[in-house]
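Respectively, the protein sequence lines represent chains H and X.
Straight run, no breaks: the first sequence in this note's numbering ends on number 507.
Straight run, no breaks: the second sequence in this note's numbering ends on number 179.
Do not rely on the hints blindly, as some may be mistaken.
Covered, in the sense of this in silico footprint (three residues per stretch, anywhere, with C-beta under 8 Å from a C-beta of chain X), are these stretches of chain H [as the list claims (entries may be wrong)]:
hint	region
1	89–101
2	189–195
Below, in silico cross-link-like pairs of lysine-lysine (DSS-like), each with a Cα-Cα straight-line distance of 30 Å or less [as the list claims (entries may be wrong)]:
hint	chain 1	residue 1	chain 2	residue 2
3	H	199	H	281
4	H	406	H	199
5	X	134	X	153
6	H	281	X	109
7	H	279	X	112
8	H	406	X	134
9	H	406	H	281
10	H	281	H	385
11	X	122	X	153
12	H	385	H	414
13	H	406	X	112
14	X	112	X	134
15	H	281	X	112
16	X	153	X	112
17	H	279	H	199
18	H	279	H	406
19	H	199	X	112
20	H	406	X	122
21	H	406	X	109
22	X	122	X	134
23	X	122	X	112
24	X	109	H	279
25	X	122	X	109
26	H	199	X	109
27	H	279	X	134
Source of the hints: derived by calculation from the structure; they are not laboratory data.
Just so you know, these numbers come straight off a predicted model, no measurement behind them.
The beta carbon of each residue, even a glycine, is placed where N, CA and C say it ideally should be.
Here's the letter readout for the chains.
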Amino acid sequence: MLLTKNKSNRYTSFLRERYRAIVGYTGLICAIAGLVILSPLLALFFYPEELSLAWAFAIPGIALVIIGLILWRSLTPKRNVSLSLQEGAIIVVLTWLLAIIVGTFPFITLEGLNFTQAMFESTSGWTTTGLSVVDVEQASKLILLYRSNIELAGGAGLAIITLSAIAGPIGAGLTSAEGRSEQLAPNVRRSAKLVLGIYSGYCVVGIIALVIAGMGWFDAINHAFAALSTGGFSTRSDSIGYWDSPRVEAVTIVLMLLGTLNFVTGYFLIRGKFKAVVRNGEVRLQAVIIPLCILIILFGVGIGLYPTLGKSIRVAIFEVITALSTTGFSTVGYSDWNSLGWTIMIILMLIGGGTGATAGGIKQFRIYALYRALVWEIKSMLLPDNAVTEADYWQGDRRKFLSDNQIKTIALFVFLYLILFTVGVIITAAYGYSLPESLFEYASTLSTVGLSIGVTSPDAPTGLLWTQIIGMFLGRLEFFTIFIGLIRLCQDVFPVVFGKK
Amino acid sequence: MAQSQYIVVVGCGRLGSILACRLSSQGNSVVVIDPYESSFNNLNSEFSGFQIVGDASELAVLRSAKADKADCLLAVTDKDNVNLMVAQIAKNIFQIPTVLARVFDPAREKIYRDFGIATISPTQLSADAFITNLSS
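In isolation and in its complexed conformation, chain H is listed as follows:
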């Protein structure tokens, strides 16, 4: 009896110590999230007339920074503690929830949204979805910039920013919990710095390219941020269609492709190692899917619908890339498209972008791996019983082999993805929308795309908005992190609080 009591005491004090570290690091990341919320205030230098709105960002931002710093300073152990994947998952889930909830403040106070709508907008921003219930024509510059900034930060991942900005927790647990298991360099912190460096580089180039293509500075900054984070918030209600300019579309397409490209592949591209890029499975998959879908959309939808061939080609290219990269900019509406076009768009959205990029969806690598596994399976059936073969793929400049374990994890992920997709579609359909609308809108939600055919609107039912909020959140953090984080948190916290065990 005494022994068990001692044991549980020791376990409790161990947990307490681990949670001090977890809450401390959560505080640190929250402080960074607070800075992101404060960041639109930089625009006051250019738009001083909006000074009266500044408090709506200053209050939540400063509060989050101060609380975060206090937690960090008071709780984090002096010695750097390395975090396991489970602990990383808890931190990631907690910080994302806090960032989203605090991020609703400017929307409620300045835009007059109710809590559900504000949660929707905030989640859509941090998860880089880009579905919106804000009227962008009426919104102030600060709100528009705020939406783009949270997309930018959400795209890179809060943990990455924190890691590279400050000497944060070591160990790969945190970054892999946020969906970045591949590293650029054999050291997490240097890796995080490289990712952030590449990302900022893309941003600068993107902004300048958009300005050259004919956008104003403010629009260029917003659209570059939204395109690279594959977010898709626009400052115009017609999105990129507002400009109706081939040059703007071309630049945006390149930015969206960069955003959806795995940072590791991007790194190889920058260093000029094209062989590694060409061998990459995701690049190969895109090289097949994109032209194929462009042709289908062009001949199946575009030519009959749009007056000129040029317009149809532009629409086909742009819509395919915006859907696959899970960005969600659009140049046209989809309500007049036929079913073929809708089907292709839904499939593209479900496939989604690259792993370790800013995109959402099932991820191209998983599709590619499953395809390789399928071919491998058929091949091995044709070979003699004792033949040993393995399905290979290239990761950077290294050749790797698909293990059974990996295929199992991927297959389970895809299965779970489709289950959640189906549940979401059922709920959407239950609110009285047609099946095509439900499929399209929920694919867009779960893959954090942001294309809409009109289901998402300020007057959508509250229950539907919450279904979408959960979908976006799950989609961005790839289910398993959230499940692991929440389950672990409950397992650890309940016995301590209720004195069981």
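Put chain X on the given structure of chain H with help from the hints.
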């Protein structure tokens, strides 16, 4: 160790994994090489470097570990001959500034020294430790 170094650890057994984890948690860029993937289970969550499956006495494996850019290489497999060979390759072909090898057999230490490779011999070290304990 003030700034971050690029370190290649050859062999991920008991010693190799401890070295890799500690060096990685100190903020160095660490790459471990081992012929068996299961050896990497010895690494704990402190390790955030790369793992390469392969035989380090092959040039291609060392090249894929970017040995030419390394500041330091530690040859700590459980085979003296492998350690010697890897250390020699690292020193002479890849020109790595710091090369350390583990050698169990004290009789071989002289050969290592003749090749100009710094060694650490657990046998010698424990012998020394025993004797200092006795005399004190």
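What's the verdict on residue 112 of chain X and residue 134 of chain X, does the C-alpha distance respect the 30 Å limit or exceed it? Roughly 12 Å separates the two Cα atoms, so the pair holds.
Taking 30 Å as the top limit, are the C-alpha atoms of residue 281 of chain H and residue 112 of chain X close enough? 21 Å, holds
Given the proposed pairing of residue 279 of chain H with residue 199 of chain H, does the C-alpha separation stay at or below 30 Å? Holds, at about 20 Å.
Hinted pair residue 406 of chain H and residue 122 of chain X, Cα distance within 30 Å: 27 Å, holds
Assess, step by step, whether the Cα of residue 122 of chain X is no farther than 30 Å from the Cα of residue 153 of chain X, and give holds or violated. The given pair, whose Cα atoms are some 17 Å apart, holds under the 30 Å limit.
Can the restraint linking residue 281 of chain H and residue 385 of chain H be considered satisfied, given a maximum Cα separation of 30 Å? Distance of about 27 Å is within 30 Å: holds.
Would the hint linking residue 279 of chain H and residue 134 of chain X be met if the CA-CA limit is 30 Å? 27 Å, holds
Check, residue by residue, whether the region 89–101 of chain H contains three or more positions whose beta-carbon lies closer than 8 Å to a beta-carbon of chain X, and give the verdict. holds (count 3)
Hint check: residue 406 of chain H vs residue 109 of chain X, CA-CA at most 30 Å. Holds or violated? 17 Å, holds
Does residue 112 of chain X lie within 30 Å of residue 199 of chain H when you go C-alpha to C-alpha? 19 Å, holds
Are the Cα positions of residue 199 of chain H and residue 281 of chain H separated by 30 Å at most? 24 Å, holds
Need the status of pair residue 406 of chain H, residue 199 of chain H: alpha-carbon distance at most 30 Å? At roughly 26 Å apart (the allowed maximum being 30 Å), residue 199 of chain H and residue 406 of chain H satisfy the hint.
No hint from the list above goes unmet by this structure.
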